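We have chain P already, so just place chain F on it with the hints.
If you want the building blocks of each chain, they are given just below.
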Amino acid sequence: MDSFIKLENFATVAKYSSLFAQGLLVTVLLSVFTVLIGFCIAMVMALMRLSDIRPFRFLGIGPDGYPRESGALAVISRFNPVSFIATAYVEILRSTPVIVQIFIIYYGIFGVIDLPNFTMFGFIKFNRFFPGVVALGMNSGAYLCEIIRSGIQSIDGGQTEAARSLGMSQIQNLRHIILPQALKNILPAIANEFVVIIKESAITYTIGVQDIMSAVNAVRGAAFVIVEPLLVATAIYFCLCFPTSKLIAYFERRMSHGDKR
Amino acid sequence: MATNDSLIQVKDLKKHYKGGAIKALDGVTVDINRGDVTVVIGPSGSGKSTFLRSLNLLEMPTGGSIIFDGVDITKKKYKDAAGKTVKLDIDRLRQKMGMVFQHFNLFPHMTILENMTLAPVKVRKIPREEAEKKALVLLDRVGLKDRADAYPIQLSGGQKQRVAIVRALAMEPEVMLFDEPTSALDPEMVGEVLDVMKELAKEGMTMVCVTHEMGFAREVGSRVLFMADGKLLEEGTPEQIFTDPRSPRLKDFLAKVL
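In the order they appear, the protein sequences are chains P and F. Residue numbering for the first sequence is 1 to 261, as defined by my numbering. Residue numbering for the second sequence is 1 to 258, as defined by my numbering.
Careful: at least some of the hints might be erroneous.
Not the full set, but computed from the structure, chain P residues with beta-carbon under 10 Å of chain F [claimed, not checked]: (1) 164; (2) 169; (3) 184.
What follows is a list of derived Cβ distance ranges for each label pair [what the hints assert, rightly or not]: (4) 153/F <-> 153/P: 20 to 26 Å; (5) 242/P <-> 150/F: 37 to 43 Å; (6) 85/P <-> 198/F: 51 to 57 Å; (7) 78/F <-> 157/P: 25 to 31 Å; (8) 254/F <-> 72/P: 49 to 55 Å; (9) 122/P <-> 150/F: 53 to 59 Å; (10) 58/P <-> 136/F: 47 to 53 Å.
Derived from the structure by calculation, the hints contain no laboratory data. Note that the structure is a prediction, hence the values are computed from the model and not measured. We put the beta carbon where it would ideally sit given N, CA and C, even for glycine.
Isolated chain P (complex conformation) (with noise of 0.2 Å):
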């Protein structure tokens, strides 16, 4: 019986190292512009969700003055059409397979909106690599948003109520006093966060992103071995997220020592 793994082909799969190179570079290069993107689409959707916008307020009043407990204008005058789209977003791209997104990112809203075609540092296509990042970016700025508005609901309400004793606005709470003390908080979860779109950005080959998976189809379609550039494709991931997650565990590890001073 012939081996699953010959290592002849691994040989086959050396001629194509610059793919791979390419390849991790653009797996890089897009797990950072998702996790940028991602977090920006997070921080609105958060404060969004957090919001206290209630245009339907005055119907909440009884006609005793006090406000209604329940029935249908009680309901109503909680209604918050901000923090619902962003609750809409949310909910909806967590609950959708990140590959039904991306097709309709590519297909859909950039087979409509044309892309400047050129290519950056030589190589990669930009109206690939833009949608996937787009896509990408979207869906975890879902994840994300959830992470940073947890966060945000750990700060103990005695912080914002020192704050606005001191006539600090909500505005000021939320910048010097909320936010700072929730990012330090979720900064490990925003990191492994990192950790998933390294991996799910394999998915974007699919669109042809030229990333580390791309390469492994490249082998395949010209020398016709697959599992050695697969076992490859492997290692690479694997020498991204490990160290990083290792990393990542380190300095949650220093963090909390520093809450114990």
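Below, chain F without anything else, positioned relative to chain P:
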């Protein structure tokens, strides 16, 4: 120090929940005079904290009015001296009311000095150097000048509360509100915080203080309010309240705490 110059007039203040089924405050009317140390006592659940927190609108009352500096702060708009309708700026009013909390609520991500200068610099737009200089003078007064660069977590409870007091003072408020400032402290640290408060009272600061420290109420208070079930049941000088209580609720309360 007591005057008859009233700084805050509270009229028929109400805070009801659940369509009026729960009455945390049920029609409290009282004047807080400039220079007075008003001590609020009463059993737990009597509404004394709600009353105090209503004064700077950390709790929004459901009825009645609070006149501070001539403005009803429970309304969203008011008429200014020229008769123009102006939107109430609660942040500006809160600058004039310092507040000290049971659980200190120092900002843990900032040093003591940053805790004290943040609001003066960001809210009152005082130059940082000036704010720091003033903060150090205040810290020196409570014996914590050498801890200016420490973080709150490095301080004891008593030290934290002293910092919280001077943090509020750094905004140069007209009145200081204390919400059970010694209740979360170890017994041996209560004294150092009360000493700072006594000092403050001596300087003529207007203070409203919810406390369980009857000794403090007796010694420092110029006026004592006794609250029960959301109502102001009895008020008077410390002598009147502690030596000649009239309502049975107050007699009962004093028998338990003294």
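Here is how each hint holds up against the structure:
| no. | hint | result |
| --- | --- | --- |
| 1 | 164 | 6 Å, holds |
| 2 | 169 | 5 Å, holds |
| 3 | 184 | 7 Å, holds |
| 4 | 153/F <-> 153/P: 20 to 26 Å | 22 Å, holds |
| 5 | 242/P <-> 150/F: 37 to 43 Å | 39 Å, holds |
| 6 | 85/P <-> 198/F: 51 to 57 Å | 54 Å, holds |
| 7 | 78/F <-> 157/P: 25 to 31 Å | 28 Å, holds |
| 8 | 254/F <-> 72/P: 49 to 55 Å | 50 Å, holds |
| 9 | 122/P <-> 150/F: 53 to 59 Å | 54 Å, holds |
| 10 | 58/P <-> 136/F: 47 to 53 Å | 49 Å, holds |
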